[in-house]
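Novice: If you want the building blocks of each chain, they are given just below.
There are 4 protein chains.
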Amino acid sequence: MQMSKQDPKLRLGMIGGGPSSFIGPVHRMAARMSNSYELCATVLSSDAKKSTQLGIEMGMKSERAYPDWKAMIEREKSLPDGIEVLAIMTPNDLHYPIASAALDAGLHIICDKPLCNNLENAKILVHKTKEKQRVFCVTYNYSAYPMVRQARAMINNGDLGEIRQVHLEYIQSHMAESSPPYNWRFDSEKGGQSLVVGDIGTHAYHLGSYVTGLELDELMADLGSSIPGRSMDDYTSCLLRYENGARGSLWVTNAAAGAEHGLSFRIFGEKGGLEWHQENPNILRHRRLNGFEQIMTRRKDGKLYPTAEDSMRLVIGHPEGFHDAFANLYMEVAAEIRSLPQNINKVADEISFPTVVDGLKGVNFIYTIIASNKDRSWKNCRIK
Amino acid sequence: MQMSKQDPKLRLGMIGGGPSSFIGPVHRMAARMSNSYELCATVLSSDAKKSTQLGIEMGMKSERAYPDWKAMIEREKSLPDGIEVLAIMTPNDLHYPIASAALDAGLHIICDKPLCNNLENAKILVHKTKEKQRVFCVTYNYSAYPMVRQARAMINNGDLGEIRQVHLEYIQSHMAESSPPYNWRFDSEKGGQSLVVGDIGTHAYHLGSYVTGLELDELMADLGSSIPGRSMDDYTSCLLRYENGARGSLWVTNAAAGAEHGLSFRIFGEKGGLEWHQENPNILRHRRLNGFEQIMTRRKDGKLYPTAEDSMRLVIGHPEGFHDAFANLYMEVAAEIRSLPQNINKVADEISFPTVVDGLKGVNFIYTIIASNKDRSWKNCRIK
Amino acid sequence: MQMSKQDPKLRLGMIGGGPSSFIGPVHRMAARMSNSYELCATVLSSDAKKSTQLGIEMGMKSERAYPDWKAMIEREKSLPDGIEVLAIMTPNDLHYPIASAALDAGLHIICDKPLCNNLENAKILVHKTKEKQRVFCVTYNYSAYPMVRQARAMINNGDLGEIRQVHLEYIQSHMAESSPPYNWRFDSEKGGQSLVVGDIGTHAYHLGSYVTGLELDELMADLGSSIPGRSMDDYTSCLLRYENGARGSLWVTNAAAGAEHGLSFRIFGEKGGLEWHQENPNILRHRRLNGFEQIMTRRKDGKLYPTAEDSMRLVIGHPEGFHDAFANLYMEVAAEIRSLPQNINKVADEISFPTVVDGLKGVNFIYTIIASNKDRSWKNCRIK
Amino acid sequence: MQMSKQDPKLRLGMIGGGPSSFIGPVHRMAARMSNSYELCATVLSSDAKKSTQLGIEMGMKSERAYPDWKAMIEREKSLPDGIEVLAIMTPNDLHYPIASAALDAGLHIICDKPLCNNLENAKILVHKTKEKQRVFCVTYNYSAYPMVRQARAMINNGDLGEIRQVHLEYIQSHMAESSPPYNWRFDSEKGGQSLVVGDIGTHAYHLGSYVTGLELDELMADLGSSIPGRSMDDYTSCLLRYENGARGSLWVTNAAAGAEHGLSFRIFGEKGGLEWHQENPNILRHRRLNGFEQIMTRRKDGKLYPTAEDSMRLVIGHPEGFHDAFANLYMEVAAEIRSLPQNINKVADEISFPTVVDGLKGVNFIYTIIASNKDRSWKNCRIK
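Protein chains in written order, with the numbering used here: chain A, 1 to 384; chain B, 1 to 384; chain C, 1 to 384; chain D, 1 to 384.
The set of hints was computed from the structure by calculation and includes no laboratory data.
Copies of the same chain are indistinguishable here, so a pair counts whether it falls within one copy or spans any two.
Derived DMTMM-like pairs: lysine to aspartate or glutamate, alpha-carbon spacing no greater than 25 angstroms straight-line:
1) Lys61 with Asp81
2) Lys300 with Glu279
3) Lys70 with Asp93
4) Lys77 with Asp104
5) Lys50 with Asp7
6) Lys303 with Glu177
7) Lys379 with Glu218
8) Lys49 with Asp7
9) Lys300 with Glu57
10) Lys303 with Glu275
11) Lys61 with Asp7
12) Lys303 with Asp159
13) Lys9 with Glu74
14) Lys271 with Glu177
15) Lys9 with Glu38
16) Lys132 with Asp104
17) Lys300 with Glu177
18) Lys70 with Asp81
19) Lys300 with Glu270
20) Lys374 with Glu218
Please work from the sequences and hints to get the whole structure.
Specialist: Below you can see the structure in the form of structure tokens.
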């Protein structure tokens, strides 16, 4: 997965992700690691003056250290060397207007999850992406770990037989204190109707479908706060049914005192099971019916499926981490853009990275959990 | 927890648990380890002739190698040195008639779970146990591991603060094959209405309440077979609510291909969390809010609560296992019996080992899961 | 490994191992678990009065609650139902005189390690054991864990190919404090010339040879105290060469602050490697050249070698521990005794449990380490 | 450790590390991740034509895609915008001539380990680095992991008390096959007198001294091939003595069939112990005398020492890996260069990254092992 020739770099713009954010430096690191982008234009704060100043400090030319996102999209589309790709890492409520305007301006998009806060807007983005024939990646970045892709390939190749049970977890401690420091996610106008599902639950959901290749059919959810008196939710647990009849469960919380990251899956099929934990991502445990468990390790020696090997850079025993996986998304988006227009219809098809269609499904998942919890009943998860 | 003086041994009878069973040798080993019982009378098969023969081979006197359970209870109660304690490990449908007759005969009882297949019968056994002032232990043996008791003591002492989240699992592979070897549990007349809940689910349920000290208030269950065409259930997943508002989930199956034993709990409170796995029972992981996780190990040096130290025999680093925990039940039942009649009213109160009341709750849990699954709705778990 | 018929129990005597010791209760538990012995006579203290009193409290008849070991051996040999087997768990310096007298009295012996403190005496015990045609077990009890035996069987069957590297560890914390509580082992008259090698180092050495089937050829040792000013040793590290040219190393200490038990081996051969830790003894890690590591678990379903299955009682996922392994020695000694006189020449041959010959090798190992450390040079390990 | 302002990038040249090598892409990734360098000139093959072609493909201007290293150093020093830093990743025998010429040309250096094959040359490089007042980093990259630095800070701050025992391992499988694919390291002219010590042993040695802050005083080595008939060594095991009297041992091999990376340390002091494994580098196990082990995890929330926090980019639970640690070296070298000339005398002093002095010690370690093994005796490790 190294570029054999030095292709010209794609011109990248970023909206959101100032230097004090967590995710901004991650996107910029991923872009550098991919060796495929040049960061040319930024909006780094909702405060116009600060945005410009931060952009200049980050090395932008002053006229491309924009004060706000509208100015950026408007001006860049008129430049002969304007940006080609836009990375969006604002609060969730701005994803839709920015992405929509960017598609109209002909930009390819890398957008944080959830895609947006409103289901109808999500559908519009899917439609517009296809219409404009653009590449649109939603950063379900955990699906880019090599051993996650190994799991997907194993299941797709039938190594586990028919899938029967799926268990998904995302267990954090960030909001385990009664009064955690303020965060825009606490404001449902910005963060969306469910904090915990929008912020982390959709990652777990996406991982389940990504690895099994199965659509979620129905769910029954318990959603709420595990801390009395707290207004926003911090916990959901769901019963799941996948399209093939496989049963499952999901446990997502950011209020588990002392937990760290805790994203994991355990999946069982006819012939065995797979277990993966993001905190130690280079390992995939493979349980085998009537056999011993084997510990599959990330390694580039022909023992893993090509899709896994293509997602890694290092040889056996040298751990890769969060940055390496995130960089895979940037690398694959670049490769996809470079393959246009031949691949033009692949945008929403089976490609390695998560797309706007995955983003739509994630928004629908949030809606379904809220509805199920409200009615205390099973709900269908298919997009109408 | 060693006996300082050699008390006279309690005279023990056993019904069920022939030498080719799994659980029979376990009970006998536990009795020997406790050093508190003498096995005097047996019924080791439903085939009368075989029962007598196996008893004699096991060293019983021929007249106490009984052909059937009725004969044993009838004759033993007339002997001056008749059995004082009866251990029952038959198929589930026989638990009630045997236990009922044994209580009538004035015997103390150690009975495998589930207590019985019928809720009304379970209530009768509770009533009769109190009336007859007998000791009645139901072998929820996993609650006898020292580190489980340490967890219970920590929570009881407030080390975790208020409990907020409970996650229980029991994941086995015994029925992952499409056609596992025949077992009486496949017959609901013998095994009860739910195979998977009766056989292993009640263990997980009991552990959750035992460790947290919380009653389960409501549940929402998905119950069924994960293998198409199978008549008996092999999977349940539930959403849980405990009496204090804590939320939880449970995943129980014996059809997870390649899993082994997989009984575990993870419990989070205000100040931290605890995690325990039966497969490595000498360790209790203690996550701490704003601190590092510590690995609590079974050890007898004053670092654990007395209830944990009292449940172990070995010093730091020397692993105890399944037999050691099972033997705790036998030892504690013996101590309880020896403390009669002073402790007569403690039978259904807070004592270290699980009693007939826990057995009743377990039967009620099975009923509630079946009802919730049938209606696809939340159900109250309290015993009416 | 269950007895199908109830053989008459062997009459057992014990010298040492009072109720406040660690090892006494372990021996008694192992004897009970094996279901093959009746404890008939004891010497439980070096204080004659206390010895008698403790014996009576343990249920001995007063005339068999002996005040000292000479009285016991003398009187028991004259009884028609005198003891047949003697378990010795005194301080090390008494092993030789007691064992020697017991052999002369025709007793079979189960003796704690090290066999004795003097190499010539060890040779005499080997000679006398053969001459008297007795069964003599030295309690290198860690070799009785099922997964240790699986490792031995795998290597013996060539599953690893030729053995190339052996690494042994025994890392404890018992003497990590500058001034640990007094212990007879601090007195070299009682404990022998090396505390750390005699107490735990010989276990690690025995395990290395037991599992690989290889004799140690040469060693180069560093032996001493890791705490300045301490008179007794608490640390040894050695370079090893086995008879087939395999290289190895050994790290043994009881002064590693915060360690627990820490007995382990890692062994590599042409085709792969094995790793085992006593703290989690139900698992054997099997690394495979050009393959993934597999986690072999103790289980009784035909996936392990018969020698491993014969050493276990419980099915998959139900952990066995220290007591279960120790009980294997008692069970196997009983089986060996019952097979006499047909097996009379097997005493020092290849049998499942460690014998007096292993005891002699252990004493020789202690001598060799001391000599190597003194001269700071490699020494031959073969018994002259 | 993010740059708050965008400093101008340092101009970097690379010799060695073609695209098909393992280490070349790692260096380039690290340089990009650090965001502090611009790669301007390359020599990517010992074949002049191929070197030029590969450089151009990598995006170099044709006149800076050099055919050989002498041409590069000669021409670059004459350019106004010539390279400032040179990264050397050739076979070991070329490290000295290239580094020496580069220092003469006034370049700062990042050089792979071992520093060179000859002890006298190593001393010359130390001398010349000081004389020329240059920054010289030797890529003992494993010391740049945040949790390794946490370990160093803990010991330096006395959290473990006086250090008493050190155990180092580096256990790989790369040469476990009888006939591994040819590698320049098999040629001692290129690779140096010891393959296994030069290639991986010096990493383990460096880690031991880096973390404890202790110089190695004496060692006793066994060095050789674990595969009969193999000419180059693949195994060493050593007994160690550090300057404060602490004892230790080391096990290094690349012929352990089925091992992966296996670089680890375990260090015990008066108050506790630390354990770290490169394969899971975000965790540091902290055993505590008379307490429970705690699992320290890489996290940026004030729980770790500043030196550890300064070496990480990601928050709790998001794993960092090999690339992240390697990038630390590039980032710190850049910071050091930018701090010149004020820090001019710090070059060989206590700084975060390993220097030419560490490189010299590593070469001396190789010499000492060879001498000890030859004489089968303890040898002093101090540089004369």
